[in-house]
Structure formats: C-alpha cells, structure tokens
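Novice: Here is what each chain is made of, one letter per residue.
Protein chains: 2
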Amino acid sequence: MSIITFVGAGQMASALSFPATENGHEVRLVGTHLDREIIETAEASGFHPTLKRQLPNEGIKYYQIEDVELALDGTNAVLCGVSSFGVDWFCEKILPLIPDSVPLLLVTKGMIALADGFMITYPDYFISKLPDGKKLSINAIGGPCTSYELADKDHSAVAFCGTDIEILRRFKKLFETSYYHISLSTDVVGVECAVALKNAYALGVSLAVGLAIGTDGSGKEHYNSQAALFGQSVKEMKHLLEIINGGAENIIYGAGDLYVTIFGGRTRKIGTLLGRGFSFEKAMGELEGITLESIVIATRTACCVRRLAKRGMLQLSDFPLLMHVDNIINNGAAVDIPWTSFETEKY
Amino acid sequence: MSIITFVGAGQMASALSFPATENGHEVRLVGTHLDREIIETAEASGFHPTLKRQLPNEGIKYYQIEDVELALDGTNAVLCGVSSFGVDWFCEKILPLIPDSVPLLLVTKGMIALADGFMITYPDYFISKLPDGKKLSINAIGGPCTSYELADKDHSAVAFCGTDIEILRRFKKLFETSYYHISLSTDVVGVECAVALKNAYALGVSLAVGLAIGTDGSGKEHYNSQAALFGQSVKEMKHLLEIINGGAENIIYGAGDLYVTIFGGRTRKIGTLLGRGFSFEKAMGELEGITLESIVIATRTACCVRRLAKRGMLQLSDFPLLMHVDNIINNGAAVDIPWTSFETEKY
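Respectively, the protein sequence lines represent chains A and D.
For the record, in the first sequence the residue sitting at position 20 is 20 according to UniProt numbering, with numbers rising by one throughout.
For the record, in the second sequence the residue sitting at position 100 is 100 according to UniProt numbering, with numbers rising by one throughout.
I should point out that these hints are in silico values taken from the structure, not numbers from a laboratory.
Note that the structure is predicted; figures quoted are calculated from it, not measured.
Treat the hints with care, as some may be off.
No distinction is drawn between identical chains; accordingly, a pair holds when it is met within one copy or between any pair of copies.
[What the hints assert, rightly or not] Taking lysine to aspartate or glutamate pairs in the EDC-like style, the calculated list, with each CA pair at most 20 Å apart, reads:
(1) K52 - E242
(2) K134 - E37
(3) K52 - E343
(4) K269 - E221
(5) K52 - D336
(6) K346 - E242
(7) K129 - D216
(8) K346 - E37
(9) K282 - D216
(10) K282 - E37
(11) K61 - E286
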C-alpha cells in the first residue's frame, strides 16, 4: 500500500480517488481554499458536490488546506489536482513542501504561455518554479478522460508523461485498473501540446454545431461540416506538433481528446453559441461564472503561433481555423468559417 | 456549361446533382437496373425516393439504363455513382462506352482486395479492367460527406484524387460551390486508403456506444471509451498509411470520415448492436436487407493486414483494434476490447 496525497479536490483529482483506492492505496484528499465546502461535505457524507458522485467509502482521508503538511507527512506520491488557474498558487505554496524523493503527478493538462509568448508544458513550468536547489520529479496526465465517466468506472485511456520512465511506471502501478488504461511517454512536449491544442480546436469544431442549429436554435445538428472542421483540426494540430518537435504520434491523444471534448460540456457550449451567431461577450454571458480554460488556451496557442510566424518558423496561412477561432474570441470577429482556405492541392 | 453523365442514381451520385446543376451544368442521371424506380419517380415528380429529397428542378435529365449511350453522347465528364457492389458491372458494361477523352470520377470510395489479398484503390482497379488499348482518366472522391447533408447544401469538405492535377482541377471547377469544398490530391493510394480504413474503425468505435448502452439498451452513451477507441483508430490508420506509402497527411480524411461515419447510419448501428452483446449473425439480422460495405471493407482490410504481417511488413500486434473487429465479424468472437494492448511505453 502507498499513500498518495491529492492537493486540490476538484472533479478530476477526486475522480482519480476511485482507481487509487481500488488498488488499495490510501488517498489523502486535500482541498484548496476554494474547495472548503467540497471537503466539508465529502467528509460528512462521502458526497462530492461538483463531481456529483459518492466518493469511495474506504481509503480516503479528507483534509482542509491548513492541514496540508500533515497530509504530506510520510506520503509516497503527490497528485496536483488544481486547474490551470491554481497553478501559480500550487507552485508557490505547495511545491516547497514536497520532499525531493516524492514524485508529483499533475492533473493540469497542456501548455502555459510565458511572458515572451513562448509556450512550455506544465511540468516544465513547475520545474522552473522550484526553489533553488530543489529537485522534484514532475509528471503529468494527458489524453481523453472526463471526470464523471472516470468516477463511473467507464473505460478511459490516458497517457502519463514525464522524463523518467521508471517513475512513470510507478505511477502507472498506482493508478492502472481494469477501466483506467495508462500509456507512458517521455515525450512530454508532444503529449502536452496535443492535449493543449485540442481545447482550441474543440471550440472550432463546435462552431459547426451552432451553425447547423442556427440563430433561433431550431435547426438540426449536421455532421459533414463537423467532420470537415474535425479533419482540419487534426491537420493543424499535426502540423504544429511537427513544428515544436513533439512526436507526430501524439496526434492520437489530440484527436481522442478533441473527440471527447466536442461532446462534453462547456467548450462545446460556447462554440455552439458562437456558431449560432452570439457575440463572444454574449456567449460568455450565457455561461456566466464558469471559467473556461479552453478560451485561455486557445488564446495562448494562437498567440504562440503568431509569434512563431513572426520568427519565420511557420506560415499563419497553415492555421486558418485556429486564427479564425482567435479572431472570434479576441477581436470580436463574426463566425465565418474560412472554408476555401482549408482546401489544398497536393501533387 | 458542361454535360456530366452520372451512371448510377444512388444517394451520393444524386446528391452531387445539386452542386453540378447549381454551377450551370447539365446532369444526365442514368439509373442502373437497380435504380429503375428511382428514375421513374424522379422523372415524374423530381423526388428521389431513397435520398428522400426533391432533386434540382432544372438542369437534370433522367435516363434508364437502356439509354446510357444516349446519355453519354457528347458528354464532357462521367460520374460513376455505383456502390462497391456495382463496380464490376460498371467496369464490364459502362467503361467500354466512355470515350478516351472523357474523364471519369468515382463516387465509390476506398480499396478493393484482389484475389491474392492485396488491396488496390478503386481507380487502379478500374484501370486494370479497361479494355486493351483503352485509356481513361479515372479519378475518385474521398473524404467525409454524407449524401443527405450534401443535398441539404450543408458544408462538406472532400478530396478529389487522381494522377493528373489538371483533370482534377477541371472536376473541381464542375463541382465546387459555396458549400461543397474540394481539395485535390495526386496521392490516390493515401486518400483512398484513409477512406477505406475508416469503415473498419467506425465499427470499432461504435462498439463503445453499445457497451455503454448495455445488453438491455437502457444505459447512457459514454465518451471516454469512444475517445479511447477513436484515438486507437487514428493510431492504427496512421500506421497503416505509413506502411503502404500513402502520405501520412491523409489521416485528416481518415479521421474526418471516421468522425462522420460514427454518427451516421448503418455502421454505427451494427457496431452498437455488437457492443451490446448481439452475436454478429443476430446483429446483421436486425439490419436485414441492408448491404453493409463497412463489413466487407473491414474484412478485406484485416485480410490484407494479415497478409502483410505474413510477409514481415508489419506486426499484427500493432493493429489490435482491427484484429478484434475482424474476429467479431468473421470468427464469431464476443466483444472484449483489448484495452491493455492499446497501451504503449514511449521512451
């Protein structure tokens, strides 16, 4: 039995308590200051109010953030369960508390933009934030997996990435079950880039849903146009993976994750509203109070692609869908899919 | 104005009458012996009984098969609109009638297996069937496009492939409209292989739908498992494209077409039934009377992959999903997704 300390009690981290406890490990679920009510409720009744599921009956201990050091005492591994909005908090407050010998696994997926617009993976970002002289093994989870379905023990296939294959194998042993299937990769940039990109493109494909449903919402969903945008997304993602030297085979995580994101939740919702003709402000208003990582990530990715273009590393004209999504989000552009710019001649 | 003779009045060919007539061309729609009623009904009322749509009011002339030579007289291009089951008939009866100067465009997508199990593209197959000394330019349409949505003038993006880029450009000019978007490629093997493969894999991904819905049909659709099978499909398709020297960029047609096929019609239906636990015979019984190209193509593709493995050109273990689909269809295997064989270690 190992002890795994989860810092952050959001939906994905909490869902991972199922495979971990099923494998006989002790999960110490620590809420951040934003998770206070979640921890209170879960400790009292086992119910997770945002995951909307009963957490495992056995094997979980609950902690408020004040007790994080207690929760880290004697732990064998740490799971960082904060969203991208909590990353800096985690790096400042929690990273220094983790012993060098204890490996860290991030639920936070994708890339983050530095001040100069260059994007790096979350593991690299976390490493850059380590206190002087501190060494930690920092790994991350990529691939298509929604927390609800994981909690319901549906089959999910993900990738754990990091620089040390032995540590990745240890993490796989902690979490692999008959329904949670884990591939391992030391190509951190490839896995995380694929995963980051799908956020932007899920929004792009969802535009077709809204276009078909129409302004008054009475239309029927169509698939030819979704498929066209899906194919274009795969093409642009594959191209960007090549430019950043991520292995092209990571497109499987990008395409799989794109697929599940198009069917799930908020990114589809905003894309659909935009496709129906809502302005970006109005569409965001409809989703009020909900933080949309996909918007942040799409903006960052587009920003990064524009900078790479300025340096001559790529042609903006190879990314017409991403540029259009960015123009909708950030420049108030109306949805007007640049269909002809997707057309190619290969001979 | 050009004259385009469509031989075969099935759904896809008939749907293509919309962009062709909209561009001011004359469409001569010739029914095969199987299309007799379609032509009678459409000629009388403009209604296409299987496409379930009114065909364009102007620009179409209707012909029964007896009048095919009349329909070919003075034509500028021919569209072959038969399904894979009609290909041999077309090659024997119609190919000899087409003048050498008139290019042919095939609606029939994908690959066909020769007697030795090797697969070739339909354009190559048609060329092999040309009478001695006859030369024809034979081209094909690939990419995600369902006939209903094309007839409804929803946006669709496809690829025309053939060996002569100038002829492809002429075809593009005939058919390109504000909703029918055409890329061109001389990589015939790449485009057609991608398209053929998606048939097999659409069935594979649909298994997850059935598994989630369950034996009694009361379950809810899940997406993590579909996404996992989708990602695995993209991986296997990409790998096979590399082995046959089709450009890897054709994965965009494969992935796009896979996406639309999962949502459309018969292939999804059979995959869902199998996933719910129906035997192959019982599942096919539920769809009685319907010819399922995906079953034929999945079987052919698996057969071809097994032969390539025997020749040492690939490892069967790299195609676990395709092999499982083949075992379900052809060996009476029960659905039991080989999840762990999808897992990889990359370092």
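Novice: Evaluate each hint against the coordinates.
Specialist: Here is what the structure says about each hint:
| no. | hint | result |
| --- | --- | --- |
| 1 | K52 - E242 | neither (40 Å within a copy, 44 Å between copies) |
| 2 | K134 - E37 | neither (33 Å within a copy, 79 Å between copies) |
| 3 | K52 - E343 | neither (44 Å within a copy, 30 Å between copies) |
| 4 | K269 - E221 | both (13 Å within a copy, 18 Å between copies) |
| 5 | K52 - D336 | neither (38 Å within a copy, 30 Å between copies) |
| 6 | K346 - E242 | both (19 Å within a copy, 17 Å between copies) |
| 7 | K129 - D216 | neither (48 Å within a copy, 52 Å between copies) |
| 8 | K346 - E37 | neither (57 Å within a copy, 40 Å between copies) |
| 9 | K282 - D216 | within (15 Å within a copy, 43 Å between copies) |
| 10 | K282 - E37 | neither (30 Å within a copy, 51 Å between copies) |
| 11 | K61 - E286 | neither (37 Å within a copy, 50 Å between copies) |
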